[in-house]
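J.: If you read the sequence shown in this note's numbering, its first letter stands for residue 1, the second for the next number, and so on.
Since the hints were derived computationally from the structure, they do not count as laboratory data.
A couple of the hints might just be wrong.
What the hints assert, rightly or not - Quick list of the computed label-pair ranges, beta carbon to beta carbon: (1) Met-15 x Arg-180: 46 to 56 Å; (2) Asn-165 x Glu-109: 17 to 27 Å; (3) Gly-55 x Gly-133: 34 to 44 Å; (4) Gly-216 x Leu-64: 21 to 31 Å; (5) Asp-170 x Met-15: 42 to 52 Å; (6) Asp-321 x Glu-285: 17 to 27 Å; (7) Pro-188 x Gly-55: 45 to 55 Å; (8) Ala-295 x Arg-77: 47 to 57 Å.
To be verified - Each computed DMTMM-like pair below joins lysine to aspartate or glutamate, with the alpha-carbon atoms no more than 25 Å apart: (9) Lys-12 x Asp-262; (10) Lys-66 x Asp-9; (11) Lys-66 x Asp-260; (12) Lys-66 x Asp-14; (13) Lys-66 x Glu-207; (14) Lys-66 x Asp-228; (15) Lys-12 x Asp-22; (16) Lys-66 x Asp-211; (17) Lys-66 x Asp-262; (18) Lys-12 x Asp-83; (19) Lys-12 x Asp-41; (20) Lys-66 x Asp-83; (21) Lys-12 x Asp-44; (22) Lys-66 x Asp-34; (23) Lys-12 x Glu-232; (24) Lys-12 x Asp-99; (25) Lys-66 x Asp-206; (26) Lys-66 x Glu-109; (27) Lys-12 x Glu-31; (28) Lys-66 x Glu-184; (29) Lys-66 x Asp-7.
Please read these numbers as outputs of a predicted model, since none were measured by experiment.
Where a beta carbon is used, it is the ideal one built from N, C-alpha and C, also for glycine.
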Amino acid sequence: GTVGPYDYDVVKPDMSYENPGDVVVQWLTSEGYDVVPPGGDPDDIAALLGAYLQGGMNLIAFRLTKGNDTGTIRPIRITYESDQPMIPIRPTAVAANDDMGVMVWVLGESRAVPVNYKALELNQALINWLSGGSNYNQVVMAAANEAGGQGFVAERAGPSSDYDNVVILDFEREDWEALRTSAEALTPAELLSESGRRFGGWDGYDELLEDFPRTGFDTQAFIDALGDTVVEPMIATQELLSSRPYVTRLYTTLSAPEMDLDPLFDFNPDLPSVSNLHTARRVIECHRSVYRWEAPSRFHLEDGRVVRVDAGAPWPFLVGDEDAPPANALVLALTTSGPGTVVQDNRNAIDQAL
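Using the sequences and the hints, build the whole thing.
T.: Following this line, the structure appears as structure tokens:
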């Protein structure tokens, strides 16, 4: 089939074959799909895909439609039935960069938790508050590596109502309805001008203009295409966020050797909400005989710890240094109820470093 800028095939091989992964790799290659990355081993790819096929799953293969390039890549929405949310991360290992960021949004009745990966609670003292937390990603990388490369940070968890009018605002919906109802009264030039003014910065709009024929301009066809490829996906995403009462955002980084286990998620109604807003209160210890720029500072963190920084000095901890404290305050194993089990507790080590 075809969707957006992609051609796709759903593959379900005959499981009577001894090695169904080999059959799939051969078929996809013969159909022009890039299955094996440069320098990759076809046998490795076949083994990875075969494991999913033998587990009763189908495969869906995408490629850019002829004439499209990487600049036309768009998100894909796939709906399927499953007992638990899962990310099929193992095939990604064949072409993954080191410490690749993986962000997961899970909608449900309560807070989502990783059930076969660890839950990571970061050491706030390792975050560089002097630079506004600019090393946050490095701290997450270090925390994930400390957990064997398989752990998630809960960055945000709370009611889905927090996301009302976030993906698409009410006035943008009104703009869309106004444009749809007035389109036939506009000239092609006016319609293009109005659509560009309202939606020109939205994902997919430039590609729509490139693909849409200018000769014999069809107003209704343009409005339909604008809705299908630019506006309606935003409305659908907003409605999806509102379809469940709770939203959880999880983040980690993974390198290829760590991608040997597909993350599974479930829900735990006993866990508290998580804010994505974090603050540290800085106190500059100046007084009559010490100017502000000469005075040391102390940073009061949300977890109650205090970090002292001399005047003009950098943040005292550098991720990766031998003397740096652990990146995790706690590493936990979470389930569908209760507070979880502490796997690693580094709080005393952090206190000693301070």
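J.: Look at each hint and say if it fits the structure.
T.: Results of checking the hints against the structure:
A C-beta distance of roughly 48 Å is found between Met-15 and Arg-180, which places it inside the suggested range of 46 to 56 Å. Checked against the given bound of 17 to 27 Å, the beta carbons of Asn-165 and Glu-109, roughly 23 Å apart, stay inside it. Checked against the hint of 34 to 44 Å, the pair Gly-55 and Gly-133 passes, with Cβ atoms roughly 40 Å apart. At about 27 Å, the CB distance of Gly-216 to Leu-64 agrees with the hint of 21 to 31 Å.
Restraint check, Asp-170 to Met-15: a C-beta distance of roughly 51 Å satisfies the suggested window 42 to 52 Å. A hinted range of 17 to 27 Å holds for the C-beta pair Asp-321 and Glu-285, which are about 26 Å apart. Separation of Pro-188 from Gly-55 is about 52 Å and conforms to the stated range, judged on CB atoms against 45 to 55 Å. Range check, Ala-295 to Arg-77: about 54 Å between beta-carbon atoms, so the 47 to 57 Å window is met.
Restraint check for Lys-12 and Asp-262: the C-alpha separation of about 20 Å stays at or below 25 Å, so the hint holds. Proximity of Lys-66 to Asp-9 is assessed by CA-CA distance (about 15 Å); at most 25 Å being required, the pair is judged to hold. Restraint check: the Cα-Cα separation between Lys-66 and Asp-260 comes to about 33 Å, which exceeds 25 Å; the hinted pair is violated. With a C-alpha separation of about 29 Å, the suggested pairing of Lys-66 with Asp-14 is violated against the 25 Å cut-off.
Between Lys-66 and Glu-207, the direct Cα distance comes to roughly 14 Å. Compliance with the 25 Å bound is thereby established for this hinted pair. Between Lys-66 and Asp-228, the direct Cα distance comes to roughly 20 Å. Compliance with the 25 Å bound is thereby established for this hinted pair. At roughly 13 Å between alpha-carbon atoms, Lys-12 and Asp-22 fall within 25 Å of each other, so this suggested pair holds. Restraint check: the Cα-Cα separation between Lys-66 and Asp-211 comes to about 13 Å, which is no more than 25 Å; the hinted pair holds.
Distance restraint check for Lys-66 and Asp-262: the Cα-Cα separation of roughly 32 Å exceeds the 25 Å cut-off, and the hinted pair is therefore not satisfied. With a C-alpha separation of about 20 Å, the suggested pair Lys-12 and Asp-83 falls inside the 25 Å cut-off, and the hint holds. Between the alpha carbons of Lys-12 and Asp-41 the distance comes to roughly 22 Å, so the proposed pair stays at or under 25 Å and holds. Between Lys-66 and Asp-83 the CA atoms are separated by roughly 36 Å; this puts the pair beyond 25 Å, and the hint is violated.
In summary, the hint linking Lys-12 to Asp-44 is supported, as the alpha carbons are separated by about 19 Å, within the 25 Å threshold. The hinted pair formed by Lys-66 and Asp-34 meets the criterion: a straight-line CA distance of about 14 Å does not exceed 25 Å. This hinted pair does not check out: Lys-12 and Glu-232 have alpha carbons roughly 31 Å apart, beyond 25 Å. Taking the CA atoms of Lys-12 and Asp-99, the gap is near 32 Å; set against the 25 Å cutoff, the hint is violated.
Taken as a hint, the Lys-66 and Asp-206 pair is honoured in the structure, with Cα atoms around 18 Å apart against an allowance of 25 Å. Restraint check: the Cα-Cα separation between Lys-66 and Glu-109 comes to about 42 Å, which exceeds 25 Å; the hinted pair is violated. A hinted pair counts as satisfied when its Cα atoms are at most 25 Å apart, and Lys-12 with Glu-31 qualifies at roughly 15 Å. As the CA atoms of Lys-66 and Glu-184 are separated by approximately 33 Å, the hinted pair breaks the 25 Å bound.
Our distance criterion of 25 Å between C-alpha atoms is met by Lys-66 and Asp-7, whose separation comes to about 9 Å.
Taken one by one, the earlier hints fail for this structure at numbers 11, 12, 17, 20, 23, 24, 26, 28, listed in ascending order.
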